[in-house]
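Colleague: One letter stands for each residue in the lines below.
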Amino acid sequence: MATMTLYPDDERLSATERAVFDLYAVSAVVLFVLMMLIGLLMRTAQGNWMSIPPDLFYQLLSMHGTGMVGTMGMITTAVMWFFLRKYVKLHLWAFVANFVLFLFGALCIIGAIFVGNYGALWTFLYPLPVALAKTWSNGAAAWFLLGYLLIGVGMLLFYLDAALGLIGRFGNLGRALGLQWLLSGDIDPDHPKTVVASTMVIIANVLGILAGAVVLVLSLVSAANPEITFNALVMKNLTYWFGHMYINATIYMAVIALYELLPRYTGRPYPITRPFLWSWAASCVFVIVVFPHHLLMDYAQPRWVSIIGQVVSHGAGFPVFLVTTWGVLTNIHRSGMRWTMPSRLMVLAMFGWAAGIVPAMLDGTIAINRVMHNTQWVPGHFHFYLLLGVLPMTLALLYHVIGSREQTTLDSSADRVGFPLYLLGGLIFTFAFLDAGRMSVARRMATHLPEWRGTDQVGTIGALLLVLAMLYFAMRIAIGLLRVKPDAGPRHAAR
Amino acid sequence: MVYQDVVWAVSLAGMSLITLGFLYVIVHVGRPADASAVRDIQRRSSRWRLVLFVVLLIGFFAASYATLHRFPIPAQNATLGAQQVVRAVGRQWSWQLAVEGQPPGNPLRLVTGSPVEFHVTSADVNHGFAIYAPDGRVAIQTQAMPGFDNKVLYTFTVPGHYKVMCLEYCGVGHAPMATEFEVTGATGG
Ligand code: HEM
Ligand SMILES: [Cu+2]
Chain A
2 MATMTLYPDD ERLSATERAV FDLYAVSAVV LFVLMMLIGL LMRTAQGNWM
52 SIPPDLFYQL LSMHGTGMVG TMGMITTAVM WFFLRKYVKL HLWAFVANFV
102 LFLFGALCII GAIFVGNYGA LWTFLYPLPV ALAKTWSNGA AAWFLLGYLL
152 IGVGMLLFYL DAALGLIGRF GNLGRALGLQ WLLSGDIDPD HPKTVVASTM
202 VIIANVLGIL AGAVVLVLSL VSAANPEITF NALVMKNLTY WFGHMYINAT
252 IYMAVIALYE LLPRYTGRPY PITRPFLWSW AASCVFVIVV FPHHLLMDYA
302 QPRWVSIIGQ VVSHGAGFPV FLVTTWGVLT NIHRSGMRWT MPSRLMVLAM
352 FGWAAGIVPA MLDGTIAINR VMHNTQWVPG HFHFYLLLGV LPMTLALLYH
402 VIGSREQTTL DSSADRVGFP LYLLGGLIFT FAFLDAGRMS VARRMATHLP
452 EWRGTDQVGT IGALLLVLAM LYFAMRIAIG LLRVKPDAGP RHAAR
Chain B
2 MVYQDVVWAV SLAGMSLITL GFLYVIVHVG RPADASAVRD IQRRSSRWRL
52 VLFVVLLIGF FAASYATLHR FPIPAQNATL GAQQVVRAVG RQWSWQLAVE
102 GQPPGNPLRL VTGSPVEFHV TSADVNHGFA IYAPDGRVAI QTQAMPGFDN
152 KVLYTFTVPG HYKVMCLEYC GVGHAPMATE FEVTGATGG
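From first to last, the protein sequence lines are chains A and B.
Read in the working numbering, the first sequence has 382 at position 381, and its numbers run on one by one without any break.
Read in the working numbering, the second sequence has 86 at position 85, and its numbers run on one by one without any break.
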């Protein structure tokens with residue numbers, strides 16, 4: 002059973018581990034602030050409060066999408082590492098290699114965008130990156146794709162190391178996932194939820210990254226020799242298989258923080274159960290086969306594939322609502338939990354995830370997708386669960402960690418302003434997108450029709466609040482992490 | 002009622018229910034319950050979860066049936082046999098619409114009440130073919146993909162000025178990539 006000690010000994014970081022973790026964390030919060038500033042610029046331009054030429058706008062959109070998804074992948078890997086290392090042998094070199102490759106990949110991508118003018122967005126949908134009419138060269142597209150490959154290789158290394166660790170302890174991935182207890186048998190109460198979630202992520206995301214590698218290499222081939230072309234529908238399927246799994250894996254890696262930390266803050270055990278194992282086994286299958294909901298408007302897609310896309314999108318709500326959300330709420334109910342930053346952020350995160358998938362599931366319905374696809378409904382729902390879900394989950398861990406390093410409370414008066422600011426800004430920002438989706442405002446457009454600008458301007462105000470709050474969180478976390486006090490202050494003792 | 006407004010209302014309703022659940026728990030965080038109260042909370046939680054599971058399951062099957070028993074996308078390899086057939090080609094960064102059998106360039110005029118078949122493709126990269134109704138809302142869309150011919154079947158009910166916009170990012174000229182056509186009442190009005 003997961004520990005109830007706030008700062009258990011087996012989570013203590015050695016000096017090297019701490020340096021690496023800090024590197025991840027500080028880079029992440031800095032990148033989040035920068036990418037949010039880019040988001041604010043785009044929103045301001047859509048609302049016509051500022052003018053950005055279209056080529057630059059799409060470069061910024063490419064940077065924001067890639068930067069946010071990449072940073073989220075990087076920091077949630079750190080969440081997984083932070084907890085999984087307690088249970089299985091992880092090699093620090095793999096964790097370091099992932100970061101180094103991430104940095105090199107990020108440099109390639111930033112160079113491709115701001116030096117090479119790459120503007121085919123984070124989804125690099127073939128054949129646009131290598132098409133004839135574009136404002137960037139095939140060379141720039143190649144640098145961008147190479148950057149992705151480097152980041153993907155880094156993650157594969159980390160996952161491989163983790164998979165070996167899991168197999169070393171549990172025999173195989175199925176047992177790590179707890180499949181042996183699905184139907185019968187006494188579940189080992191000490192089987193860590195972290196292990197279950199990590200195993201699922203490894204299985205799914207390795208498949209996704211490999212599919213991604215295939216499209217990336219094929220696109221690179223096309224960039225080198227434009228005579229060679231590929232089937233656009235096959236390429237799109239592979240691209241979304243990769244993209245969907247990659248961004249969803251960040252949720253499943255981040256939620257580990259919730260499983261581990263929540264019981265420590267509520268003071269109530271949060272035991273592993275059969276429904277929990279079912280939910281992760283099912284989610285593992287769902288996340289692998291749900292990607293066709295990105296291709297519902299490709300009428301050439303076989304019918305049964307689109308049906309899978311819809312049915313699984315809806316089914317994927319069951320584990321989230323019935324197991325994770327329900328479990329979290331039950332754990333909190335009448336627990337007497339005190340409201341400090343980690344606990345607030347965890348509750349917000351669970352809310353953002355659960356509420357955000359409602360508009361997402363609607364959008365995964367073929368009949369509805371006919372009128373909502375590629376409208377701002379889509380950034381409306383994914384910002385909801387990324388911005389109000391995944392990001393707060395990771396911030397909860399970072400706040401928790403700085404709590405072990407400094408004597409200050411995790412509930413300063415600035416925190417009490419920053420948190421509601423983030424929440425308010427987030428709600429204004431995401432609902433402005435959803436309302437725009439209701440009015441059929443297109444997503445991914447540099448310029449908006451005059452009648453669309455109302456929601457853009459409201460969204461800009463929300464974005465401004467978000468940026469301010471995140472700037473504060475980032476400074477608080479960076480300063481808290483870089484304090485040189487040892488990890489094992491008095492707070493590390495039992496609660 | 003406009004379709005999008007219904008979706009918005011359903012979404013708000015679902016999100017509000019979840020919000021209420023969270024508010025209920027947040028209000029009741031209170032003081033730590035004792036061991037027997039915790040057991041009681043867990044028992045009731047499991048029971049209500051079962052209820053929720055059954056409700057969601059029924060909702061799931063009902064929604065799947067309601068939205069799939071008549072498949073929302075027309076069969077692609079059958080002939081649809083509509084009286085009005087339009088060929089639509091997207092390219093960076095313009096649309097070309099032509100009634101089948103007529104040279105492109107003539108302004109497109111369609112009538113309400115009888116189905117229209119759009120055959121949508123692309124000459125270069127992926128585009129999104131979305132028809133915006135006179136009220137500014139998307140009426141129907143499909144992807145315009147190089148090498149594929151996506152068939153849309155749509156019956157206009159409201160006469161007026163329709164717009165085609167691109168709903169798949171296709172490069173620097175994506176936002177202004179639009180065209181227009183007229184739909185008149187079947188009786189000529
Ligand atoms: C202050 C916070 C943020 C602002 C102001 C912001 C703003 C924006 C804007 C304006 C867009 C383009 C919308 C359109 O298609 O018209 C966008 C897209 C996107 N954002 Fe954000 N965003 C923020 C936070 C985040 C976060 C936290 C994430 C993920 C962790 C994220 C991930 C994305 C992604 C993946 C896209 C899609 C890019 C694409 O369409 O290619 N954003 N954001
Ligand atoms: Cu376009």
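Quick caveat, the hints were computed from the structure, so don't treat them as lab data.
For each residue, glycine too, the CB sits at the ideal point set by N, CA and C.
Be aware that a few hints might be false.
[What the hints assert, rightly or not] Selected chain B positions facing chain A (in silico; Cβ < 8 Å): (1) 20; (2) 28; (3) 29; (4) 46; (5) 55; (6) 56; (7) 59; (8) 65; (9) 73; (10) 111; (11) 138; (12) 143; (13) 146; (14) 149; (15) 166; (16) 169.
Colleague: Looking at the structure, which of the earlier hints fail to hold?
Modeller: 2, 5, 6, 7 and 10
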